[in-house]
Structure formats: structure tokens, C-alpha cells
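4 protein chains.
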Amino acid sequence: MLKQKLSGIMPPLTTPFDQVGELDYAALQRNVQRYNETGLSGYVVLGSNGEAVHINVEERLKTIQTVKQAATPAHKVIAGINELSLRAAVQSCKQARESGADAVLVVTPYFYKAAMKQDVLFGYFMEVADQSPLPVLVYNVPQNTGVIIEPATLARLAEHPNIIGVKDSSGNFGAIADTIRLAEDFSVMCGNGGILYPALSMGAAGAVLAIACAAPRACVELYQAAAAGDHARARELQNRISPISQMVTAGLGVAGLKAAMDNAGYEGGTVRSPLVQLGPAESEKLATAMRASGLFSRME
Amino acid sequence: MLKQKLSGIMPPLTTPFDQVGELDYAALQRNVQRYNETGLSGYVVLGSNGEAVHINVEERLKTIQTVKQAATPAHKVIAGINELSLRAAVQSCKQARESGADAVLVVTPYFYKAAMKQDVLFGYFMEVADQSPLPVLVYNVPQNTGVIIEPATLARLAEHPNIIGVKDSSGNFGAIADTIRLAEDFSVMCGNGGILYPALSMGAAGAVLAIACAAPRACVELYQAAAAGDHARARELQNRISPISQMVTAGLGVAGLKAAMDNAGYEGGTVRSPLVQLGPAESEKLATAMRASGLFSRME
Amino acid sequence: MLKQKLSGIMPPLTTPFDQVGELDYAALQRNVQRYNETGLSGYVVLGSNGEAVHINVEERLKTIQTVKQAATPAHKVIAGINELSLRAAVQSCKQARESGADAVLVVTPYFYKAAMKQDVLFGYFMEVADQSPLPVLVYNVPQNTGVIIEPATLARLAEHPNIIGVKDSSGNFGAIADTIRLAEDFSVMCGNGGILYPALSMGAAGAVLAIACAAPRACVELYQAAAAGDHARARELQNRISPISQMVTAGLGVAGLKAAMDNAGYEGGTVRSPLVQLGPAESEKLATAMRASGLFSRME
Amino acid sequence: MLKQKLSGIMPPLTTPFDQVGELDYAALQRNVQRYNETGLSGYVVLGSNGEAVHINVEERLKTIQTVKQAATPAHKVIAGINELSLRAAVQSCKQARESGADAVLVVTPYFYKAAMKQDVLFGYFMEVADQSPLPVLVYNVPQNTGVIIEPATLARLAEHPNIIGVKDSSGNFGAIADTIRLAEDFSVMCGNGGILYPALSMGAAGAVLAIACAAPRACVELYQAAAAGDHARARELQNRISPISQMVTAGLGVAGLKAAMDNAGYEGGTVRSPLVQLGPAESEKLATAMRASGLFSRME
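Here the protein sequences line up with chains U, Z, F and G, keeping their order.
With the first letter of the first sequence counted as 1, position 121 gets the number 121 in our numbering; the numbers rise by one all the way through.
With the first letter of the second sequence counted as 1, position 205 gets the number 205 in our numbering; the numbers rise by one all the way through.
With the first letter of the third sequence counted as 1, position 89 gets the number 89 in our numbering; the numbers rise by one all the way through.
With the first letter of the fourth sequence counted as 1, position 69 gets the number 69 in our numbering; the numbers rise by one all the way through.
Fair warning: there could be bad hints in the mix.
All copies of an identical chain are treated as equivalent in the list; a pair is satisfied when it fits inside any one copy or across any two copies.
No more than 25 Å apart at the CA atoms, straight line, and that leaves these computed lysine-lysine pairs for BS3-like [what the hints assert, rightly or not]:
no., residue 1, residue 2
1, Lys94, Lys3
2, Lys285, Lys113
3, Lys285, Lys68
4, Lys5, Lys68
Simulated from the structure, these hints should not be mistaken for lab results.
Since we're looking at a predicted model, the values are computed, not measured.
Full structure from sequences and hints, please.
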């Protein structure tokens with residue numbers, strides 16, 4: 001029995017908070033309804049850009065439910081599992097299923113960094129996959145976790161029938177290409193907007209990209225160009241997407257992504273502490289870069 | 001009104017789990033009762049070595065209660081607050097107070113590492129301190145968090161009446177000395193067994209040391225020797241403590257510390273996943289080092 | 001006046017030493033004569049893989065002369081300038097010209113790492129370019145130097161009429177793509193075998209690749225496939241080249257590259273101390289990987 | 001036969017350049033003559049702060065000769081050997097002896113960082129020590145080299161009769177204490193002004209400190225206080241020395257150290273490119289910190 005295959009572009013949905021910091025489910029619903037029209041293949045809820053670490057368990061479950069209800073049946077909903085122990089991760093996987101998620105995106109544990117050897121990570125994900133009622137994607141995001149899961153480890157994990165892929169946000173193109181080459185029956189989702197085109201060229205199944213929260217159509221168009229072999233168009237779009245992608249991920253972070261969404265006609269909203277809103281200089285810099293990219297018609 | 005001053009040696013208590021991974025409150029109680037006789041000045045519950053990230057909220061509160069009840073009134077109980085958002089941290093501080101803790105040890109947020117600039121950390125801890133019903137110690141532990149809070153930031157935080165000190169586990173002696181020099185009315189607790197003597201020599205208030213879970217008396221004796229100006233004795237003890245301290249912290253981690261406690265007559269017990277128990281070779285290496293240190297009479 | 005443009009694949013020639021460690025110019029000559037037939041566009045002499053840091057000034061000049069004489073007129077000869085001061089770098093550039101080099105590849109200074117801010121690097125390369133009698137390529141190789149020159153700095157340097165390009169060996173695909181996008185009239189040479197195809201897809205002028213010392217034809221074929229728009233073939237070759245490329249660069253280093261050359265029918269020879277020859281286990285691992293790649297017909 | 005023992009405080013002499021960048025041997029001589037009166041035990045020539053990487057071989061030898069001639073017979077002269085190959089290092093050791101040096105300070109090779117495993121470093125220093133006509137100190141300076149030599153490796157090297165010690169500039173107090181504990185008949189010279197007092201407390205033989213170029217008497221006084229068991233005075237001096245030491249090493253670098261020397265009545269002079277002179281803001285910041293330290297009577 002073959003595993004389910006992922007494909008296409010998915011945004012790691014941000015979680016909108018209102019002016020007093022409360023979760024704004026209605027705004028989330030409206031965002032998803034708008035995204036439904038843009039050619040995206042699904043939604044990642046409660047990933048790094050979803051501020052999963054800033055919300056409580058009730059908010060978490062209601063967020064998943066909200067997205068599932070707002071999404072069309074054709075859009076997969078993948079729930080981020082940001083837990084630091086096996087027990088908590090398995091419990092969250094079960095809750096995600098009850099809330100309607102189709103799959104889970106499970107981060108590498110990251111508190112005891114020195115102990116997170118490849119064999120330990122392998123054992124952990126095998127356990128999670130055994131116990132999770134939903135298919136598992138591994139989440140490699142060393143810029144947040146300080147932990148790297150290596151291509152050879154992913155290739156071993158790919159043999160588990162309940163581990164269907166990885167979201168690799170490391171930005172390490174060589175490692176992503178290695179995983180694509182080494183892991184069989186495994187969906188490699190690129191998690192970095194700056195290497196989308198080359199990752200697709202090397203066989204990535206699709207991508208989960210922060211910038212797709214603000215510029216879903218451009219990302220989808222790049223994906224389609226690459227799929228159609230239109231390399232010139234793919235390259236041109238990559239060159240438009242890269243600067244703005246870097247700015248809202250490596251540079252300005254979640255607050256920057258939310259501001260970019262506001263600029264682009266979605267509802268970004270505020271961030272929760274310890275994150276802070278953009279200052280005026282950062283906002284201006286972001287707006288300038290967005291205009292320069294030519295990707296945001298309402299800004300030109 | 002002067003802040004309360006910390007002093008002496010405190011162990012960052014490990015959290016004992018039984019063979020099936022359940023929290024063993026009775027073992028925890030027995031450990032504390034034994035520690036009560038060793039000259040320690042207090043207990044840190046649910047710090048890094050307490051596997052705070054592996055237990056749920058109910059376990060957390062009962063752990064604090066258990067330690068508070070087992071400790072003598074003279075032993076301060078400081079509860080670790082390992083949260084990634086302001087909301088969760090403040091809530092945990094309030095719960096810690098309800099559970100009987102005397103102070104809280106609040107870790108630097110560590111998920112959005114790139115966003116954790118010094119000003120952001122400053123703002124975060126000021127907010128926590130404003131809202132916490134208990135005095136706050138800042139917890140700097142970059143080997144786990146990938147985030148460093150700098151001496152100059154700590155000096156600014158020291159002006160807040162509800163921020164009483166820092167546990168600095170970075171092992172960066174220069175930074176610790178800087179904090180001691182720069183921060184007024186502030187208790188700097190050394191969090192690294194390998195630099196205990198020099199940290200005390202430079203004016204550290206005391207220490208919170210993993211190795212004190214296995215060798216409380218030796219750590220207390222070093223503290224007292226330093227306080228009495230017996231530098232020769234302090235240095236000799238430092239040379240005995242350092243190798244074993246390194247092995248159970250930088251090397252073998254929490255599983256190693258728990259094994260060392262078992263060897264030393266305390267109840268270490270198992271670790272929860274993703275951590276794994278020591279293998280036979282590691283156990284033997286640990287036992288050899290413990291014997292060589294001359295600090296564990298029952299092993300010689 | 002437009003700058004000269006680089007293109008194609010160049011190997012960073014290794015410097016052959018004999019069994020007693022003396023420089024074997026005859027072997028170097030024979031290697032180049034063989035390479036002349038493989039479609040390479042030129043030669044980098046005395047780069048990182050050329051052990052420039054292990055030879056003295058007389059050897060250096062004779063090495064450049066030897067390569068220049070053995071190369072056909074169509075093959076450009078680029079001399080590595082591995083110096084830590086402006087004075088020494090300029091002198092070496094002049095000597096390189098006298099020895100017959102067509103251009104120089106000037107490494108970022110790397111001893112006072114903390115002082116090597118982007119403005120300092122900018123000023124340094126502007127000075128070098130003003131004084132060098134040969135066109136300058138900037139050499140970015142952070143894995144050896146611990147210093148990174150950023151795309152924005154390269155874009156500023158690209159305005160100097162005597163700075164014609166960069167060899168970027170960082171392996172950071174995003175940065176290479178940024179440089180291609182930002183720097184005008186500037187040849188970006190990819191210095192990392194694992195990202196050759198995507199770098200070419202994004203517009204890299206060519207590549208300087210360690211693995212091209214052992215597998216020149218495969219690298220040239222990939223280059224030609226990419227130029228011809230045969231993405232399927234380029235991708236297949238990339239998948240064959242990547243594992244062996246990683247092994248001889250990130251893994252086994254110069255000694256590994258020389259052993260791979262010996263296996264492939266070139267003359268690798270020994271390395272000079274502090275480098276050490278491969279052990280038997282490493283040699284076997286290398287041979288196995290080379291066989292598996294299908295790129296070395298004499299090994300299959 | 002016991003090895004010679006080092007002790008006391010030595011400055012890593014800066015190399016004065018004049019306004020057009022030429023080496024000013026007369027200024028060097030005058031500096032040494034002034035230092036002769038300050039209680040220093042010897043001089044390190046051509047270390048990191050001596051810009052060894054910015055001068056040519058003729059300048060290097062004449063610099064050693066100049067210092068040897070200006071020093072009293074009681075002051076040891078240790079010549080830095082900043083070479084990247086065994087051949088060059090051995091040749092430099094021989095030249096250093098011919099120029100009058102009493103010992104050599106040999107840096108860990110640092111170009112092929114990934115290849116510099118502990119066994120490779122061990123083999124390298126054993127070879128250097130076999131061939132050097134002068135006693136060898138190992139130079140550990142990872143902030144410049146990106147290479148760390150570990151205490152266990154140093155302990156093995158200590159068994160060589162011609163390896164007499166280490167200058168450890170890592171600032172890693174734990175590692176320095178480990179080396180003191182593990183290596184027998186071996187002089188550990190602290191290379192970091194911020195940890196001088198604790199390093200001496202743990203048994204360091206002495207120190208080679210950049211700040212001693214500007215504040216030799218304060219460093220000597222701290223050394224003597226520690227030797228006499230006057231911990232209060234040692235600690236007070238440490239607190240005065242640390243901020244200015246950090247500023248001129250980690251912060252402003254060699255240009256800062258030279259400016260501090262100018263401020264303190266020595267002849268710092270200019271730096272060679274790629275280093276750049278301090279700007280006005282940096283100069284002012286330095287002067288303010290020097291005044292605040294109370295260590296520079298002519299500035300108060």
C-alpha cells in the first residue's frame with residue numbers, strides 16, 4: 001500500500017490575534033476562504049509561523065477546527081505538533097485528529113539539544129509514528145530548534161508506513177536534495193522560499209512556504225511553471241519571490257509575515273509576546289520590498 | 001526595600017520516573033528528605049534537569065507541592081518556568097505560587113531565536129516580573145535554548161524590584177563575572193559545576209548545580225571553603241568536582257545525572273522520551289569517573 | 001568596456017607531492033594535459049584544494065608556470081591568492097601575472113575574523129582590485145576561513161572594473177542566487193558540487209568544483225545539459241555527482257580528493273602535513289562510493 | 001630533566017607601523033625598554049596582536065631581533081609561529097632561534113578546519129616539537145583560527161620533552177582548568193584578560209595578555225596579589241581590568257589595543273590592511289572606558 005503523496009504549495013497559516021491579543025478565529029476563517037481561491041493544495045496549521053508556542057491547548061484545537069471547516073474538502077489540513085516529549089506529542093496527534101486534521105507535522109524535540117543524536121531522533125519519530133492516528137511529516141527547522149535531522153535519518157524513517165514526508169525548512173539545498181535522492185516513497189516539502197524552484201527541479205513534492213501566506217498565487221504559479229518545464233518563468237518568479245521571502249522569514253520574522261499579509265489583503269494581525277510588532281522603519285522597508293517585487297498588485 | 005538575597009548551593013532537582021515512566025512522587029520526597037541533611041540552601045524544581053519539558057501541568061504542580069512539603073522551612077523552593085510565551089509564563093508563575101514555591105526561575109523564550117534580541121528579552125522579563133506574584137530569577141541556559149541574555153541586559157533587569165537574580169548556566173565565566181560587576185542588588189547563581197570556585201571568588205551569591213543532585217556535600221563544602229577564604233581547599237574540591245560535573249552535564253545529560261544519583265544513594269530513576277537511558281558503556285564510564293573523584297564514599 | 005566573462009567548468013587543481021613530500025611538477029603537467037581533453041574551460045591553481053597554504057613562494061610561482069605551459073591557450077589559468085594582508089596579496093597578484101596567470105582568485109582575509117565586517121572586506125577588495133595587474137575574482141570559502149562575504153557586498157564590488165566575479169564555495173544556495181540577482185556584469189562561479197545544477201539554473205556563469213579534478217567529464221556534461229535545457233539529464237547527473245562530491249570535499253578533504261583522482265586515472269599523490277593520507281577504511285569507502293556513482297568507467 | 005617553567009605576565013607585543021605603514025623598529029625598541037621597568041616576565045613577539053600575518057619574513061626576523069636586543073636578559077622572548085604547514089612552521093622555528101628567541105609559540109594550523117581533528121593536531125605538534133630547536137608552546141586561539149585543541153590533547157602533548165606549555169586564549173575557563181589539572185610538567189599561560197584571576201587561582205603558570213601591552217603594571221600587580229594570596233586585591237584588579245580587556249580584544253581588536261597603548265603612553269601606531277584604524281566614536285568610547293578603569297594614571 002503506497003503512502004499518500006503530498007504536492008503543491010501550502011502556506012503555514014499564521015494565527016491572527018486581535019488588538020488585545022485574543023485569537024481571532026473569524027479572521028482566520030476569512031483568510032482561509034480567500035486562500036481557497038488561489039490554487040494552494042492545503043494548509044499547515046500551527047507550524048512555526050502559526051505561533052503554536054504562544055497559544056494554549058483550547059486555542060490550538062479550535063484553530064485546527066476553524067481551518068478544517070473553512071477549507072474545501074480538496075485542501076489537506078496538516079496540524080503542527082510542537083511538543084518536547086513523546087507523551088505530549090502523541091497526545092497532541094490524537095487531539096489533532098479529533099479536531100479534523102488530515103496529517104501532523106511533528107517537530108524534532110529541541111530542548112536537550114546535545115542529546116538529540118540521530119539515533120535518538122530516529123527512535124523518537126518511530127515511536128510517534130507508531131502511536132499517531134494520523135500520517136506524520138517530520139519537521140526540520142534548525143533555525144528555531146538548533147537541531148538538525150539528517151538525510152540519512154530521514155531515509156530510514158521513510159520506511160515507516162505512517163511517516164509520509166518531511167517539511168525541511170533548513171534552507172540547506174544540498175541536504176534537501178540528498179533526502180529526495182535517499183528517501184523512497186516519501187514526500188519532501190521544501191520549507192524555504194529562497195530555494196523553491198531548485199528544490200522542485202530536484203524532485204521536491206511541493207512546498208510549505210511562509211511567503212505563500214502573503215503571495216499564494218506567485219508561489220503556485222512558480223510551482224506550476226516548474227511542473228510544466230517552463231524554467232525561464234520559474235526562475236523569474238524565484239527572483240521575485242526570494243527577496244521578499246528572506247525579508248519576512250530570516251529578517252522580520254512572524255511579525256513581518258503578518259504585516260506582509262496585511263499589506264497583501266489578508267488579515268495578519270498582531271503577534272503575541274515575546275514577539276513584538278514591526279516598528280515604522282521595518283514596516284516601510286517591507287512595503288518598499290513588496291512593491292519592488294511586482295507580486296502584489298494592490299501595492300503597485 | 002532590599003530584595004531577598006540568595007546564597008548557598010541548590011540542586012536542580014531531577015524528576016524521578018518509575019520503570020513505566022510514571023512520576024514517582026514518593027521517590028522525589030525521599031530525595032528531598034535526604035538532601036535536607038546535606039547543607040543545601042534550597043531546591044530548584046523543574047529546571048532543565050527536572051525535565052520540565054516532559055511533564056504535564058498536573059504533574060508540574062504536584063511536583064512543586066511535593067518538594068515544598070518535603071523541604072524544611074529553611075530551604076527555599078524555586079520553581080522553573082519553562083514557557084515560550086508571556087501568557088503561559090505568567091500563568092505558570094501564578095500556579096507555582098499556589099503550589100507553594102518561594103520564587104520562580106524563568107527561562108529566556110527560545111523558539112523564535114532570531115527575534116530574541118536583547119531589547120526583546122528585556123521587555124519580556126520586565127512584563128513577567130510585573131505580573132508574577134513571586135520573585136523572578138532569569139534563567140540563562142544557551143546550551144539548551146540557543147539564546148543568550150547578556151550581562152548588560154541583566155544589569156538593566158536588576159533594577160526591577162521583582163527580579164532578584166539570575167541562574168547563569170552558560171559556563172561563560174567572563175559573562176558571569178561581568179554580570180556580578182554590573183548588576184546591583186542582584187543574586188548571581190552560578191549554574192555550571194566547572195566554574196563554581198572562581199564564580200564564588202568573583203562574588204557569585206551561590207550556585208544551582210546539577211552535580212549537587214549527586215554530590216551535595218562536596219558542593220556545599222566547596223561553597224563553605226570559598227566563603228571562609230580557604231582557597232586551597234576550594235581549589236582541590238573544584239578539581240574533584242569538575243570532571244564528574246562535566247560528564248553528567250555536557251556529556252551524559254539528564255540520564256547521566258540520574259544514573260549518578262542512583263550510584264550515590266539517591267533515587268534517579270528513568271528519563272522520559274525523547275531522552276534515553278545510559279547504555280552499559282556509558283554507565284561503566286560514569287561509575288569509573290565517580291570512583292576516581294573520591295567524592296562518593298559508598299562507591300570507593 | 002565590458003568585463004571578461006567566465007563560463008564552463010574549472011577544476012581547482014590539486015598540487016601533487018611525491019612520496020617524500022616534494023612537489024611533482026611533471027605529474028601536475030600530465031594531469032593538465034589529460035584535463036585539456038575533457039571539455040573544461042580553465043584551471044584554478046593554488047586554491048583551497050591546491051594546498052596553497054602548504055607550499056612556499058618559489059613552488060607557488062613554478063606551479064602557476066607549469067599549469068600555464070601545460071594548458072592550451074583556450075584554457076584560462078586563474079591563480080589563487082591566499083594571503084592575509086593587503087601588501088602580501090598585491091605582491092602575490094603581481095607575481096601571478098609574471099608567472100602567466102590570466103586572473104586571480106583572492107580569498108577573504110581570515111585571521112582577524114571578528115574585524116572582517118562587510119565594509120572592511122569591501123575596502124580590502126577595492127584596494128586589491130586597484131593594485132592587481134590581473135582581473136580579480138573574490139573567493140568566498142567560509143568553511144575554511146570562518147568569514148562570509150555577503151551578496152550585497154559582492155554587488156557593490158561588482159562595480160569595480162577589475163573585479164570580474166566570485167567563486168562561492170559556501171554551499172549556501174540562497175546566497176549564490178542572491179549574488180546572481182544583485183551583481184551586474186559579474187561572473188558567479190559555483191564552488192560546490194552539490195548545488196551545481198540549481199546554481200546553473202539560476203544563472204551561474206560556471207563552476208569551480210573539486211570533484212571536477214576526479215570527474216571532469218561528468219561535470220562538463222552536466223554543464224552542457226543545463227545550458228541546452230536538458231533538465232532531466234542535468235538532474236540525473238547531479239544525483240550521481242552529489243554523493244561523491246560531498247565525500248571528497250566535506251568529508252575526506254584534500255587527501256580524499258587526491259585519492260579519488262588516483263582512482264580515476266589522474267595523479268593525486270600525497271598531501272603535506274598537517275593533512276594526513278586516507279586510512280584503509282576511508283579509502284575503501286571512497287572506492288565504493290565512486291563505483292556506485294557510475295561516473296568512473298575504469299572503476300566499474 | 002624538568003622542563004623550563006614559565007611564570008608571570010607577558011604582553012603579546014604589538015608591531016608598530018608608522019603613518020605610511022612601514023614597520024617602526026625604533027618605536028618597538030622604545031616600547032620594550034619601557035616595559036622592562038614594569039615587572040613583566042617576558043615578551044611574546046608576533047602573536048595574534050603582533051600582526052604576524054601582516055608582515056613579511058624579513059620584517060619578522062628583524063622584529064624578533066629588535067625585541068631580544070631591547071629586552072633585559074631576565075625577560076624571555078617567545079616568538080609566535082603563525083604558519084599553516086609543518087614545513088613552514090619548522091623553518092620559522094629555526095629562523096626564530098637564529099633571531100634570538102628563547103621559545104616559540106606555535107599556532108594550531110587553521111586552514112583545513114574540518115581536517116584538524118585532535119589526532120591530527122597531536123601528530124602535528126609532535127612533529128613540530130621534534131624538529132624545533134626551541135621549546136614549544138602550543139597556541140590555542142579559536143576566535144581567530146576556528147580550531148580548538150582540547151585539554152586531553154594538550155595533556156598528551158605535555159609528555160613531549162620539547163613542549164613546555166600552552167597559551168590558551170579561548171577564554172573557556174573550564175577548558176583551561178582542565179588542562180591545568182590534566183597536563184603534567186606543563187606551563188598553562190592564560191591568554192584572556194577577563195579570566196586572569198580565576199585562572200591563576202586554579203594554578204595557571206602565568207598569562208600572556210593583550211591588555212598587558214597597555215596596562216602592564218596592573219596585570220603584574222594582579223599576578224602578585226594572587227601569588228600572595230591577597231584575593232580581595234586580585235578580585236578588585238580583575239574587575240578593573242575586565243571591561244577594558246574585553247574592549248580591546250573582543251571588541252575593538254588590534255587597532256583598539258594600539259590606540260589604548262597610545263593613550264597609556266606607549267607607541268601603538270597604525271595597523272596594516274585589512275585591519276582599519278578606530279573611528280572617532282570608537283576612540284572616544286575607548287578613552288572613556290580607560291578613564292573609568294582607574295588603571296591609567298595619565299588619563300585621569
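When Cα atoms must be at most 25 Å apart, do Lys285 and Lys113 count as within-copy, between-copy, both, or neither? between (35 Å within a copy, 22 Å between copies)
Is it within, between, both or neither when you check Lys5 against Lys68 at 25 Å Cα-Cα? Cα proximity of Lys5 and Lys68: one copy only (19 Å, versus 52 Å across).
At 25 Å max between alpha carbons, let me know whether Lys94 reaches Lys3 within a copy, between copies, both or neither. Within. Shortest intra-copy distance 20 Å satisfies the 25 Å Cα cut-off; inter-copy 46 Å does not.
Given a CA cutoff of 25 Å, do Lys285 and Lys68 count as a within-copy pair, a between-copy pair, both, or neither? neither (34 Å within a copy, 49 Å between copies)
Checked against the numbered hints given earlier, this structure breaks only hint 3.
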